[in-house]
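2 protein chains.
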Amino acid sequence: MGELVVDELEVQKYQEQEVEENGLPLVLLYGPLSLLNVFGSESLLNNFRLIKPWESPEIPLHEYLITHAKNVKALVCLGKTELDSKAIHCLPSLEIVVTCAAGLNHIDLIECRRRGIMVCNAGNAYTIDGADYAVGLLLDVLRRVTSGDRYVRSRMWPLKGEYRLGSKLRGKRVGIVGLGSIGSEVVKRLVPFGCKISYNSRKKKPGVPYPYYSSVYDLAVNNDVLVLLCSLSEETFHCIDKDVLTALGKDGVIINIGRGPLVDEEQLVRFLVNGDIAGAGLDVFEDEPAVPRELMELDNVVLSPHKAVFTPESFIELQELIVGNLQAFFSKKPLLSLYKNALSASS
Amino acid sequence: MGELVVDELEVQKYQEQEVEENGLPLVLLYGPLSLLNVFGSESLLNNFRLIKPWESPEIPLHEYLITHAKNVKALVCLGKTELDSKAIHCLPSLEIVVTCAAGLNHIDLIECRRRGIMVCNAGNAYTIDGADYAVGLLLDVLRRVTSGDRYVRSRMWPLKGEYRLGSKLRGKRVGIVGLGSIGSEVVKRLVPFGCKISYNSRKKKPGVPYPYYSSVYDLAVNNDVLVLLCSLSEETFHCIDKDVLTALGKDGVIINIGRGPLVDEEQLVRFLVNGDIAGAGLDVFEDEPAVPRELMELDNVVLSPHKAVFTPESFIELQELIVGNLQAFFSKKPLLSLYKNALSASS
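Chains as they are written, first to last, in the working numbering: chain A, 508 to 854; chain B, 508 to 854.
Careful, some of the hints might be misleading.
Rough simulated footprint, nothing fancy, chain B against chain A, three-plus residues with beta-carbon under 8 Å [claimed, not checked]:
1) 563-571
2) 636-646
Every beta carbon over 10 Å from chain A, so not counted as near; a handful from chain B, in silico [stated by the list, open to error]:
3) E669
4) P718
5) Y719
6) A754
7) H813
8) F817
Rather than coming from a laboratory, the hints here were simulated on the basis of the structure.
In this text, a Cβ means the ideal position worked out from N, Cα and C, and glycines have one as well.
Please take these sequences and the hints and turn them into a complete structure.
Written out as structure tokens, the structure is:
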């Protein structure tokens, strides 16, 4: 984790107070301050007066919120910090939550909806990087790039000769689980490689020319590769289970840049260890940063520390998006990345 | 190296003789027999009577050729086995050389031309795999896939937290050195990623919409990435030298799936170690399988054991091509992958 670059003087200057000063709107930073570095602090510091509970670790969080943040209308949720109903209850004036994430399973959306709190997500800031990385992982697993590198570095090449070959991407049937913005970009990239695309989503997408399967199981039956891009929900939890892996079969490959719990990891490990599927490229894990130790030994797996959607370039875009959403909110203009489902009616 | 799967009985059955038997045409296999396994033996064994010098290691090669192969009209050159003028002199009846390689720098083309010997190369059998792999290496180097995997396997993720991010592919200026069949396929793949393409080739290609630079140096000045795909010749030897690397600069990346000696490896190592270029994805090396030990320590380099263009699927295609070329030759039909330059006039 990078060091915090916020100047101590700046910190004092903008110390939390319950009324606005210098005309700067008040914003509660929710999450480890160290992430400010990652997500960029400059334009937040220059445009808002920031309240930073994490700088007062001696005060329990909820007590801090009640004492110091009861007038706060806007909250920026850093990283994947959980924003639960208990925390939301401590913020009676809260009107908007701006997150840095594409998926929102760490936010209590039901409570937000009940209270009429608007939620902005990261919009498409991660779309391009995520799509690139998914294709990169797929190429890597099929063509054994990372394991080939390990082979060279182990100095086995001169001793053992040629390395076990991977498999061709052209002609592979690739099933996209969750055809949202990242999925569409993945498809755009994979078509020139000669892949045959099909997909599963909550609903058939109008105007999409690729075969639709209404279940992940049927998608697995009809594909060589599954690329997991859907968000995590009760419906998608463990959507890759024993039956789906069996249907995918011995030559099957799983690419997961969605969320760890989309996969029944215990089963996945078993299938990989036994050679009952061919390989996997995993950017996310059920209990990350813990990674099952059996996977560490496998050559048909590429392990990635949850960074598929991150590049320095996308953080700059994201920072602009966060500040843009806050400025839009305080000036009563349309939000840039309002998460529609947060405000829609629910049962 | 895989074990030879040729049945011993089969071997005896087809033992070399100087006259044709059973009406099967005579073909000299030139190169390590173990490669037969890789390139497929079935359809060669079924359609031709094979002469295999490597099965008689006690006889010096040239002596063997003179004694056992003086009537041979067709030769299949396995792997990158050098076919020099001395060997060609031992084969007075030779009319056709069928190789398994795309590049032909291991064949004495001048001697073949002088003798009117036709040369067939691997045609486009490696094109798709090569293009896929080049894109895979580029994604891997920029997005730090392999080094991220190493990070996870070293169990540093839970201890040190988030891993150093790579760089976005979108918007990168990618210069193709050698816009042949693989180069064209690489371009087709990179365009949907949002890369800006330009290229260097012996000549400007008519109908290609991307900027052309007549020198590799100028290409380096105007790009973030160089992808090396040209064949090795006197003109292209060390075309990536100190000046080109300097022009490419600190954020520059080299991808080499062409030939090792296209790059002045000593300089490349120096630039990588000193951080004077950003990274490299290398499938080929000057003295492979030897790889400079300095590279083994670097995290910004992906090392690959010369397998960019190989998949089991492409070997099946290649085997069909080799047999097809031989059948065309013996039945006096047009060859499938005649290497034009081998027969053209030279100065």
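A quick look at each hint next to the structure:
no., hint, verdict
1, 563-571, "violated (count 0)"
2, 636-646, "holds (count 7)"
3, E669, "6 Å, violated"
4, P718, "21 Å, holds"
5, Y719, "22 Å, holds"
6, A754, "23 Å, holds"
7, H813, "8 Å, violated"
8, F817, "5 Å, violated"
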